[in-house]
Amino acid sequence: MAIEVGGKLIEVDEEGFLVDRADWSEEVSEAIANRDGIELKDEHVGLIDYFRDYYEEHEVHPTMHVLVQRLGKMIGDRFHEHKQYEKFLYMLFPRDPVSELCKLAGLPKPLPSEHDG
Amino acid sequence: MANKQDEKGTNNPGLNTPLLDELEDGPWPSFVSDLKQWSETKPQVAQLLNQLEESYENRWNYWTGTVLNVSGYGGGVIARLSDKADKYPDLAEFHTIRVIPPPGFVYSTERLRNLADICERHGAGILQLHGLTGDALALGFDNESTFEAAEELMANGWDLGGSGAALRSLQCCVGQARCEMACFDTMKTTRGLTNHYIDFLHRPEFMYKFKIKISGCANDCANAMIGSDMPIIGTWRGPMQIDQQKVAEYIDEKGVEHVIDNVITRCPTRCLSLKGKELVVDDENCVRCMHCINVMHKALLPGKDRGVTICLGAKRTLKIGDTMSSVIVPFLKLETEEDFENLTDLIDRVWEFWNDNGMDHERIGEFIARVGLGTFLEGCGLEPDPRMVQSTRTSPYINFEELAPGRFEGESEQQPKVWNREPESSEAAG
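Chains as they are written, first to last, in this note's numbering: chain H, 1 to 117; chain S, 1001 to 1430.
Errors might be hidden in some of the hints.
The calculated DMTMM-like cross-link candidates involving lysine to aspartate or glutamate, where the alpha carbons are at most 20 angstroms apart (straight line), are [as the list claims (entries may be wrong)]: (1) S:Lys1275 with S:Asp1243; (2) S:Lys1246 with S:Glu1278; (3) H:Lys73 with S:Asp1142; (4) H:Lys109 with H:Glu57; (5) S:Lys1304 with S:Glu1180; (6) S:Lys1333 with S:Asp1185; (7) H:Lys73 with S:Glu1352; (8) H:Lys41 with H:Glu30; (9) S:Lys1042 with S:Glu1110; (10) H:Lys109 with H:Glu59; (11) H:Lys109 with H:Asp42; (12) H:Lys87 with S:Glu1352; (13) S:Lys1333 with S:Asp1348; (14) S:Lys1304 with S:Asp1322; (15) S:Lys1319 with S:Asp1348; (16) S:Lys1298 with S:Asp1360; (17) H:Lys73 with S:Asp1199; (18) H:Lys109 with S:Asp1360; (19) H:Lys8 with H:Asp20; (20) H:Lys73 with S:Asp1345; (21) H:Lys41 with H:Glu57; (22) S:Lys1333 with S:Asp1356; (23) S:Lys1084 with S:Asp1142; (24) H:Lys87 with S:Asp1348; (25) S:Lys1084 with S:Asp1117; (26) S:Lys1304 with S:Asp1356; (27) H:Lys87 with S:Asp1199; (28) H:Lys73 with S:Glu1366; (29) S:Lys1042 with S:Glu1057; (30) H:Lys87 with S:Asp1159.
Pulled from the structure, derived: some chain S residues nowhere near chain H, Cβ distances all over 10 angstroms [to be verified]: (31) Glu1053; (32) Leu1112; (33) Met1154; (34) Arg1306; (35) Glu1378.
In case anyone wonders, no lab produced these hints; they're calculated from the structure. Quantities reported herein were computed from a predicted structural model and do not represent experimental measurements. Don't be surprised by glycine CBs; every beta carbon is placed ideally from N, CA and C.
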């Protein structure tokens, strides 16, 4: 599969994750967002940048836990208030924010968690 | 049982399940019989049984986990793919939906029929109600039908949740609604906590799962002590209620010997004695195990000043072996709104410290074992207490100066250092 960005074909897998991470650019991320029916606004772009920076530093994508822990602290001191940040993330990306953000930031697909069951 | 033996394996010509058929023996209800009957309606159930048979034969699990999220939810769907999809095409996607049960765990037949209809229409039509997970599980949805079923469930007033690294659906015993032993309203607490923490059920974000189970007394009908990260167990302060006349009646009916053998000598702390036909309790040594109350339930009842004990840390083997919970808050009243706020405040503090410092896939019991109870209590802002014991009635986690054995003059300080309760002196020491 492939998506067309500015007249160039970019190869993606069937879920839309980039095959080659070097292909990433802001236009590519916009094209993937269009494909998934998400309109990119400032909040989305900021999070995508955060994901890319985090990946560069830690060589692993941030988990929901990290997002709520680090970014949620800006909302309030109480633990219960941090959770509001997660709600906000789910508003931006209704289906699996972490996986969607990895996709938009051109990172590898997150492994399925072994948390359930 | 002879009739059943003849019927074995004949229900569905597509079925070949000699090992599973063994599970139909005996006087008990069998899921194999039920599913065989059901497989005549739903072809995927026959394939499910055949795959399970293959699993039994080869001692191998053919399910692979994957991720599937309903819009706006992080949990609620347990996605499974079959490794044997070429052999059993209907099992290629076989997801489970977790439905949060109604408060009180009581369904009207109409609601139950509604739930069953939705699950039958979209999935394999297999329900598991209130196993150890506490929620209602609906099995057998593929990718598309998961979304359809979830939409329809929500439109009908059901809610999903309680899977993944999240707070799991709460589980409780029948409580004051149907049991005279219950020391607090378990069902009200369950409902209150479910509503208060509904976001935590919907969207996972913890290091690993967290389970809260709630039992009205130490009989622990909800299996909280062994099966949940945070058991909330009913207990009482002060003396238990004794009706001496009923005690005398019980002794007259059963005889003194019976009472001594079954009540007095079975008290784990030996705090019971008989004075003629009067039962004397050494209240200071009573550990509220409920044994005497269970046996002489007409004469004895839990005391009047009731509340809860909150424990932490039970889990199955993961990083360390199986553990049971240990006490974290010996007594907490749980009657008014304010008490309830105290409880949620405590849970928030515990979660916050665990969440900030825990490692991936670390249950709270392992976390406490790793950092030590002293550090944990400090992090959560809780007071150490001699009732926080590592294993039943033996060694406390923390040694207390005033409880330590006396020392001779000139004898060196006890190692490891004992905890001193006065904050000033601990500051001076350290």
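Against the earlier hints, flag every one the structure doesn't satisfy and list their numbers going up.
-> 3, 9, 11, 14, 15, 16, 21, 22, 25, 26, 28, 29
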